[in-house]
Amino acid sequence: MAGHSKWANIKHKKAATDKKRAKVWTKLIREVTVAAREGGGDAGANPRLRLALDKANAANMPKETIKRAIERGAGGADGEN
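FYI, in numbering that gives the first Met the number 0 the residues of the sequence shown are 0 to 80.
To be clear, the hints were calculated from the coordinates, so they are not data collected in a lab. Wrong hints could be hidden among the right ones.
In the BS3-like style, the derived pairs of lysine-lysine whose C-alpha atoms are separated by at most 25 angstroms in a straight line are [said to hold, decoys possible]: (1) LYS66 <-> LYS5; (2) LYS26 <-> LYS12; (3) LYS5 <-> LYS54; (4) LYS62 <-> LYS5; (5) LYS54 <-> LYS26; (6) LYS18 <-> LYS62; (7) LYS10 <-> LYS66; (8) LYS5 <-> LYS26; (9) LYS66 <-> LYS22; (10) LYS66 <-> LYS19; (11) LYS18 <-> LYS66; (12) LYS22 <-> LYS10; (13) LYS66 <-> LYS26; (14) LYS66 <-> LYS54; (15) LYS19 <-> LYS54; (16) LYS5 <-> LYS19; (17) LYS62 <-> LYS13; (18) LYS54 <-> LYS18; (19) LYS22 <-> LYS12.
Sequences and hints are given; from them, build the entire structure.
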């Protein structure tokens, strides 16, 4: 253990967990963005996007984050012009 303080221990564990989660989410966001860019933002008509969304949901990614990634890939507000 990293000392005797309960909160310090929680901080260390949370930092490690958040680092792993961020790495996975970054890859999934990139996958969703590329799928939306190549096949459009409709998951019903884009099987690659549907698969990417299933993976993102399995990784407990927030819906707002997924929505932003789709908008970015499909040419939304902060996507490519």
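Verification of the hints:
In summary, the hint linking LYS66 to LYS5 is not supported, as the alpha carbons are separated by about 37 angstroms, beyond the 25 angstroms threshold. For the given pair, LYS26 sits about 22 angstroms from LYS12 by alpha-carbon distance, which is consistent with the 25 angstroms threshold. The suggested pairing of LYS5 with LYS54 is violated, with an alpha-carbon distance near 34 angstroms, which exceeds 25 angstroms. Distance restraint check for LYS62 and LYS5: the Cα-Cα separation of roughly 32 angstroms exceeds the 25 angstroms cut-off, and the hinted pair is therefore not satisfied.
About 11 angstroms separates the Cα atoms of LYS54 and LYS26, which keeps this hinted pair within 25 angstroms; it holds. About 20 angstroms separates the Cα atoms of LYS18 and LYS62, which keeps this hinted pair within 25 angstroms; it holds. Among the hinted pairs, LYS10 with LYS66 is inconsistent with the structure: their alpha-carbon atoms are about 30 angstroms apart, more than 25 angstroms. A C-alpha spacing of about 32 angstroms is found between LYS5 and LYS26, which places the hinted pair above 25 angstroms, so the restraint is violated.
Between LYS66 and LYS22 the CA atoms are separated by roughly 19 angstroms; this keeps the pair inside 25 angstroms, and the hint holds. Only pairs whose Cα atoms come within 25 angstroms are accepted, and LYS66 paired with LYS19 is accepted, the gap being roughly 22 angstroms. Under the criterion of a C-alpha separation no larger than 25 angstroms, the hint pairing LYS18 with LYS66 is consistent with the structure, at around 22 angstroms. Restraint check for LYS22 and LYS10: the C-alpha separation of about 18 angstroms stays at or below 25 angstroms, so the hint holds.
About 15 angstroms separates the Cα atoms of LYS66 and LYS26, which keeps this hinted pair within 25 angstroms; it holds. The suggested pairing of LYS66 with LYS54 holds, with an alpha-carbon distance near 14 angstroms, which does not exceed 25 angstroms. With a C-alpha separation of about 16 angstroms, the suggested pairing of LYS19 with LYS54 holds against the 25 angstroms cut-off. Between LYS5 and LYS19 the CA atoms are separated by roughly 22 angstroms; this keeps the pair inside 25 angstroms, and the hint holds.
Of the supplied pair hints, the one linking LYS62 and LYS13 holds, its CA atoms being roughly 22 angstroms apart against a limit of 25 angstroms. The straight-line distance between the Cα atoms of LYS54 and LYS18 is roughly 18 angstroms, inside the 25 angstroms bound, and the hint therefore holds. This hinted pair checks out: LYS22 and LYS12 have alpha carbons roughly 16 angstroms apart, not beyond 25 angstroms.
This entry does not satisfy hints 1, 3, 4, 7 and 8, going by the numbered hints stated previously.
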